[in-house]
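Student: Sequence:
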Amino acid sequence: MANYYDLDDIIAEEERVSVVFRKAVNGVGIDASAETDCVEIDSKVELPFWLAHELYLRKVVKLKVPTCFNQKTRLELGADAACVDLRSRCPYFYEFGCKIAWLLKLYNDFVVIGAYRVENFDFIWFNSCEPETRVEGRDLGSFLLSAFENRYKEVLAKAHSAAFAAASKCFTLLTKEETTMYEAAQSSMAAFKKWRMGGPRFQKASILGRKRKPTD
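Using our numbering, read the sequence shown as starting at 561 and increasing by one per residue.
One or more of the hints may lead you astray.
In silico DSSO-like links for lysine-lysine, alpha-carbon gap of 30 Å or less [claimed, not checked]:
id, residue 1, residue 2
1, LYS736, LYS713
2, LYS619, LYS583
3, LYS632, LYS622
4, LYS718, LYS583
5, LYS604, LYS624
6, LYS729, LYS713
7, LYS632, LYS754
8, LYS718, LYS736
9, LYS754, LYS736
10, LYS604, LYS583
11, LYS713, LYS632
No lab work stands behind these hints, which were simulated from the structure alone.
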């Protein structure tokens with residue numbers, strides 16, 4: 561679940577996911593347009609991830625892999641990853657994807673790549689995972705890793721060398737995680753340039769300026 565002290569983590573868990581209820585539930589009032597507060601079995605509802613997470617663990621709902629990780633997005637990222645607008649699909653694309661993959665029990669642990677978490681491909685099938693969800697989600701971890709690797713290089717390259725107009729256009733395509741990385745790269749480059757312009761980088765040791773005394 562969300563880190564209590566991490567605002568980005570909390571916002572990421574507000575992303576909505578589609579679920580199908582396995583059981584009828586009374587008194588929940590999820591659908592404001594419904595005449596009653598009851599949810600019938602096989603009802604399809606969109607819920608914030610933090611709620612879907614709890615219901616899924618209790619086997620009350622079946623989880624659908626969000627559309628931002630569908631085949632269309634995968635094909636676009638495979639064709640030209642740097643030009644895909646991931647921000648409009650999901651601002652917390654990687655964080656949210658890792659949470660979905662963990663929930664579906666598609667892997668055991670996380671490995672750290674920079675400041676972000678990506679799984680290590682040790683897949684475990686879970687009995688409550690529906691066949692269609694299993695097909696969509698079984699390679700979600702490797703897909704997230706591939707997307708991050710392909711866009712990572714472009715993000716850093718543009719942060720270091722792109723003109724302002726090009727950089728502004730690129731910035732609108734980035735996820736929250738990539739935006740943080742982009743800003744860190746720009747700050748690093750600015751600090752490096754400041755260091756280079758700050759004067760001589762090497763100082764001559766005082767002993768080198770002394771003349772040797774003649775010997776008899």
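Student: Which constraints among the numbered hints does this structure fail? Numbers only, ascending.
Tutor: Those not satisfied are hints 4, 7.
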